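Chemist: If you want the building blocks of each chain, they are given just below.
There are 2 protein chains.
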Amino acid sequence: MNTQQIIDAIDLTDTVEELVEAKNFTGIVEAVTPLSTEQVTALLERLPIEQRAIVYRLLPKDNAIEVFERFSPALQRDLIQGLRDGEVATIFSDLDPDDRVWLLDELPAALAPRLLHGLSTKDRQLTSEVLGYPKGSVGRRMTPEYVSTRTDATVGEALQRVHAQLDDAETVYTLPVLDGSRHLIGVVSLRDLLRSASEVGISEIMQDVSAMTAYETAEAAARRCAELGFLALPIVDREDRLVGMLTIDDAARILEHEETEDAARQGGVEPLRRPYLATPVRSLVSSRIVWLLVLAIGATLTVQVLSVFEATLEQVTVLALFMPLMIGTGGNTGNQAATTVTRALALGDVRPKDVWKVLLRELGVGMSLGALLGLLGGVVTTVIYDPSVGLIIGLTLLAVCTMAATIGGIMPMIARALRADPAVFSNPFISTFVDAAGLIVYFMIAQAVLHL
Amino acid sequence: MNTQQIIDAIDLTDTVEELVEAKNFTGIVEAVTPLSTEQVTALLERLPIEQRAIVYRLLPKDNAIEVFERFSPALQRDLIQGLRDGEVATIFSDLDPDDRVWLLDELPAALAPRLLHGLSTKDRQLTSEVLGYPKGSVGRRMTPEYVSTRTDATVGEALQRVHAQLDDAETVYTLPVLDGSRHLIGVVSLRDLLRSASEVGISEIMQDVSAMTAYETAEAAARRCAELGFLALPIVDREDRLVGMLTIDDAARILEHEETEDAARQGGVEPLRRPYLATPVRSLVSSRIVWLLVLAIGATLTVQVLSVFEATLEQVTVLALFMPLMIGTGGNTGNQAATTVTRALALGDVRPKDVWKVLLRELGVGMSLGALLGLLGGVVTTVIYDPSVGLIIGLTLLAVCTMAATIGGIMPMIARALRADPAVFSNPFISTFVDAAGLIVYFMIAQAVLHL
Chain A
1 MNTQQIIDAI
11 DLTDTVEELV
21 EAKNFTGIVE
31 AVTPLSTEQV
41 TALLERLPIE
51 QRAIVYRLLP
61 KDNAIEVFER
71 FSPALQRDLI
81 QGLRDGEVAT
91 IFSDLDPDDR
101 VWLLDELPAA
111 LAPRLLHGLS
121 TKDRQLTSEV
131 LGYPKGSVGR
141 RMTPEYVSTR
151 TDATVGEALQ
161 RVHAQLDDAE
171 TVYTLPVLDG
181 SRHLIGVVSL
191 RDLLRSASEV
201 GISEIMQDVS
211 AMTAYETAEA
221 AARRCAELGF
231 LALPIVDRED
241 RLVGMLTIDD
251 AARILEHEET
261 EDAARQGGVE
271 PLRRPYLATP
281 VRSLVSSRIV
291 WLLVLAIGAT
301 LTVQVLSVFE
311 ATLEQVTVLA
321 LFMPLMIGTG
331 GNTGNQAATT
341 VTRALALGDV
351 RPKDVWKVLL
361 RELGVGMSLG
371 ALLGLLGGVV
381 TTVIYDPSVG
391 LIIGLTLLAV
401 CTMAATIGGI
411 MPMIARALRA
421 DPAVFSNPFI
431 STFVDAAGLI
441 VYFMIAQAVL
451 HL
Chain B
1 MNTQQIIDAI
11 DLTDTVEELV
21 EAKNFTGIVE
31 AVTPLSTEQV
41 TALLERLPIE
51 QRAIVYRLLP
61 KDNAIEVFER
71 FSPALQRDLI
81 QGLRDGEVAT
91 IFSDLDPDDR
101 VWLLDELPAA
111 LAPRLLHGLS
121 TKDRQLTSEV
131 LGYPKGSVGR
141 RMTPEYVSTR
151 TDATVGEALQ
161 RVHAQLDDAE
171 TVYTLPVLDG
181 SRHLIGVVSL
191 RDLLRSASEV
201 GISEIMQDVS
211 AMTAYETAEA
221 AARRCAELGF
231 LALPIVDRED
241 RLVGMLTIDD
251 AARILEHEET
261 EDAARQGGVE
271 PLRRPYLATP
281 VRSLVSSRIV
291 WLLVLAIGAT
301 LTVQVLSVFE
311 ATLEQVTVLA
321 LFMPLMIGTG
331 GNTGNQAATT
341 VTRALALGDV
351 RPKDVWKVLL
361 RELGVGMSLG
371 ALLGLLGGVV
381 TTVIYDPSVG
391 LIIGLTLLAV
401 CTMAATIGGI
411 MPMIARALRA
421 DPAVFSNPFI
431 STFVDAAGLI
441 VYFMIAQAVL
451 HL
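From first to last, the protein sequence lines are chains A and B.
Using full-length UniProt numbering, you'd call the opening residue of the first sequence number 1 and step up by one each time.
Using full-length UniProt numbering, you'd call the opening residue of the second sequence number 1 and step up by one each time.
Any given hint could be a false lead.
[Said to hold, decoys possible] To spell it out: a stretch of chain A is covered by chain B in this simulated footprint if at least three of its residues, at any positions, have a beta carbon under 8 Å from a beta carbon of chain B; those stretches are:
#1 27 to 36
#2 129 to 137
#3 201 to 207
#4 217 to 231
#5 277 to 291
#6 317 to 328
[To be verified] Partial pick of chain A residues on the chain B-facing surface, computed with a CB cut under 7 Å:
#7 R124
#8 H257
#9 E261
#10 V308
#11 A311
[What the hints assert, rightly or not] Okay, the calculated beta carbon distance ranges per label pair:
#12 Q315/B x T382/A: 23 to 29 Å
#13 L277/A x E199/B: 46 to 52 Å
#14 L83/B x A220/A: 30 to 36 Å
#15 A220/A x S307/B: 22 to 28 Å
#16 T382/A x G27/B: 56 to 62 Å
Please keep in mind that the hints were generated in silico from the structure rather than gathered at the bench.
Computed from a prediction, not measured in an experiment: that's the story for all the values here.
All C-beta atoms, glycine included, are put in the ideal place defined by N, C-alpha and C.
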């Protein structure tokens with residue numbers, strides 16, 4: 001199936017909607033049956049909530065669970081609310097333990113015990129293991145269903161274990177190697193097992209391993225797994241005993257999730273939990289209003305600053321003309337620095353203890369940028385207006401850029417130190433602070449130059 | 001190895017730098033040998049360019065190539081420039097075909113033919129196959145080294161092929177199933193092969209497959225591979241014949257690369273190609289100055305707008321006090337809309353033909369936001385200043401938010417239509433346009449209310 005076929009499926013949306021309106025269920029079945037899991041998912045994602053549940057009910061069972069697994073947790077919740085308890089229980093028990101937890105995180109707390117109760121003892125135990133770890137930790141995203149082997153085992157024995165668990169284990173391509181007390185010693189890939197004679201000892205083909213503890217954040221573990229290109233990253237407890245594996249497809253899912261969140265927050269919106277067109281306007285508004293209010297209230301600071309300088313403004317109205325340019329440039333410089341440093345923090349290129357290095361670098365960057373822009377702006381305004389205005393603009397740009405870059409670079413470090421999300425915390429603070437501070441600098445320089 | 005051990009390695013940086021200064025090579029070997037590939041990579045990434053090459057030379061050969069593969073393409077280039085041709089040729093031939101292409105994309109064009117010439121005939125042929133596809137296409141990121149099987153083969157025959165190619169193939173866990181003329185018919189997982197009796201026919205256990213053509217973008221293919229949780233996504237030519245596989249670890253690498261780029265551009269900086277602390281201040285400046293200039297030049301539009309209304313400003317200086325607040329709120333609303341829609345486009349939740357749906361939704365969202373903020377702002381300013389100011393502020397907020405959200409929502413769609421990157425194109429345009437237009441609206445309303 002290629003992209004075109006997905007689009008064809010999406011184009012079925014209107015047809016299916018009409019069929020549902022017309023309660024023509026056989027028609028729906030005929031329309032949906034020929035579609036692949038992927039096409040059905042794309043189609044359902046674009047249907048209104050109630051219709052989604054109706055069409056979902058009409059899918060063949062195996063197809064249905066695959067489709068369900070592809071939905072985002074929020075869509076899964078929407079769907080579940082439209083289904084009967086029996087149907088929900090079935091879906092729930094068909095999911096992998098870690099997928100169950102994704103879903104439970106979404107559902108009203110009251111529902112969780114009932115669903116867990118419906119599971120087989122083994123499933124319930126596996127699931128609650130995963131549920132035991134704090135929200136946002138990799139422990140909650142790892143799979144407890146893996147095939148492990150032991151340092152004293154042979155390749156033949158390991159392969160037997162793989163064969164025995166081919167149906168249950170979520171991952172069979174990377175085997176963690178444990179010692180007698182379940183401590184993680186290394187890993188061996190299925191590929192290497194197949195490559196070796198069955199009497200060879202695991203310890204001979206075992207590779208040095210990289211693991212993370214179940215309490216580290218899911219994002220950090222996912223990024224690690226992706227960077228190392230591991231098919232599965234072993235997860236250990238504080239005593240280095242293996243508790244689960246983070247598979248790379250889950251890692252990719254986590255990274256995509258994080259990416260969406262960061263991108264949204266950087267733009268000052270709460271991330272949407274559903275596809276854009278499936279999100280009611282009301283939710284769009286509420287995903288933005290809070291941020292907009294915070295930023296607007298912050299911006300009133302500029303009103304107060306300006307009222308202090310109202311007299312100066314009345315004397316030299318021309319100063320007002322450059323206000324947006326000055327604060328805009330400051331804001332942009334600040335955001336540039338914040339973006340770069342936030343990213344560096346996320347990738348681990350910069351650590352909290354590097355704060356002074358960052359401060360110095362951004363100071364240098366800000367002064368260079370300010371010098372370049374200030375020179376340019378100063379000359380231009382001198383030509384168009386007069387030298388005194390040119391001097392004011394030039395000096396202000398120099399000062400504002402230097403200040404903005406430094407603050408913009410430091411803010412994410414402070415945010416991190418305060419355990420706040422740098423991406424969220426930095427931008428509003430910067431725009432607010434830099435705007436206000438920038439205006440103060442601007443008018444102080446103006447007063448000095450014009451001897452007011 | 002856990003995070004702590006990585007940090008320990010990083011903390012070695014200063015020690016190693018001193019050892020290099022002191023030309024104490026045995027000392028370096030002693031310091032580096034006990035470290036894992038991962039630790040060495042983290043350590044080298046933090047060394048200055050010249051020192052990096054020196055230390056790299058001292059690594060044991062197998063370890064060296066693994067470390068090289070972990071470097072970002074830009075770091076790989078830096079390193080290569082510090083090595084002798086012989087050393088470069090060796091590294092180059094040890095890489096996988098697709099990794100060679102990542103690297104060639106980085107190197108000066110002149111170097112490419114020489115390096116390709118050094119390869120074995122088979123390697124050269126495989127590499128140039130991949131090189132044949134346009135930059136940015138998945139054809140350039142896929143691996144041509146995979147194990148395939150045929151619809152008429154048995155499980156036993158397929159497993160034999162896997163065994164035969166265990167050493168060469170980059171991926172052996174997902175086998176594309178082809179017909180006589182290499183058309184892609186389905187896929188079968190190694191897990192299912194191991195699960196089935198050797199006389200079973202492939203066609204019986206084969207699964208429906210999802211593929212993309214080699215000419216689609218690497219980002220789209222990577223996102224698809226991650227969303228489907230495939231270990232490898234088959235890549236076909238325009239006739240649906242298999243040409244390669246995109247492995248999920250490469251997909252994750254591509255997505256991380258894209259994520260870094262988008263995050264940077266959204267913040268108005270060109271993405272850094274090296275870790276922050278390894279990037280010279282000069283490069284930091286040049287990664288920002290262009291954007292800053294573009295935005296500043298755009299912002300001069302506000303100066304022109306304001307000079308038109310200078311007379312009004314002189315009469316009613318109080319209007320100047322609210323300028324930053326008004327344009328700030330407009331800019332924020334616009335960026336919120338742009339961020340949401342850009343994201344929706346990237347995820348395929350919104351398609352270009354949905355432009356009217358988006359327009360209507362953002363119009364609704366903008367008016368709601370504007371009504372809320374306008375009411376609040378209007379009341380507050382009425383209390384603090386006077387009703388006429390309150391009316392001006394209230395109406396302006398309503399108008400600006402409505403306009404900003406609509407434009408912010410449409411811009412990414414236009415950008416996409418113009419084949420420009422929405423993330424890059426939208427924000428500067430919005431901030432420029434919305435600021436200027438916002439000021440015009442503000443002063444027009446003011447003039448109307450105050451009968452100027």
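Chemist: Would you mind marking each hint as holding or not holding in the structure?
Modeler: Results of checking the hints against the structure:
For the region 27 to 36 of chain A, the stated coverage by chain B is violated: 1 residues have a C-beta nearer than 8 Å to a C-beta of that chain, whereas at least 3 were required. Under a criterion of three residues with beta carbons nearer than 8 Å to beta carbons of chain B, the stated coverage of the region 129 to 137 of chain A fails, only 0 such residues being counted. For the region 201 to 207 of chain A, the stated coverage by chain B is not satisfied: 0 residues place a CB nearer than 8 Å to a CB of that chain, which falls below the threshold of 3. Proximity of the region 217 to 231 of chain A to chain B, defined as three or more residues with a beta carbon under 8 Å from a beta carbon of that chain, is established by the 9 residues found.
For the region 277 to 291 of chain A, the stated coverage by chain B is satisfied: 9 residues place a CB nearer than 8 Å to a CB of that chain, which reaches the threshold of 3. Only residues whose C-beta sits within less than 8 Å of a C-beta in chain B count toward coverage, and the region 317 to 328 of chain A has 10 of them, enough to reach three; the restraint holds. Evaluation of the R124/A hint against chain B yields a violated restraint, the C-beta minimum of about 25 Å exceeding 7 Å. The beta carbon of H257/A is not positioned within 7 Å of any beta carbon in chain B (closest approach about 11 Å), and the interface hint is therefore violated.
Using the Cβ-Cβ criterion of 7 Å, the hint placing E261/A at the interface with chain B is not satisfied: the shortest such distance is roughly 10 Å. Hint on V308/A is violated. Least Cβ distance to chain B is approximately 10 Å, over the 7 Å limit. Given hint, A311/A at the interface with chain B, is violated; its Cβ is 9 Å from that chain's nearest Cβ, farther than 7 Å. As the Cβ distance of Q315/B to T382/A is approximately 28 Å, the hint placing it in 23 to 29 Å holds.
About 50 Å separates the C-beta atoms of L277/A and E199/B, a value consistent with the hinted range of 46 to 52 Å. Remark: the range hint 30 to 36 Å for L83/B to A220/A is upheld by a beta-carbon distance near 33 Å. At roughly 52 Å, the beta carbons of A220/A and S307/B sit outside the given window of 22 to 28 Å. Roughly 58 Å separates the CB atoms of T382/A and G27/B, a value that falls within the hinted 56 to 62 Å.
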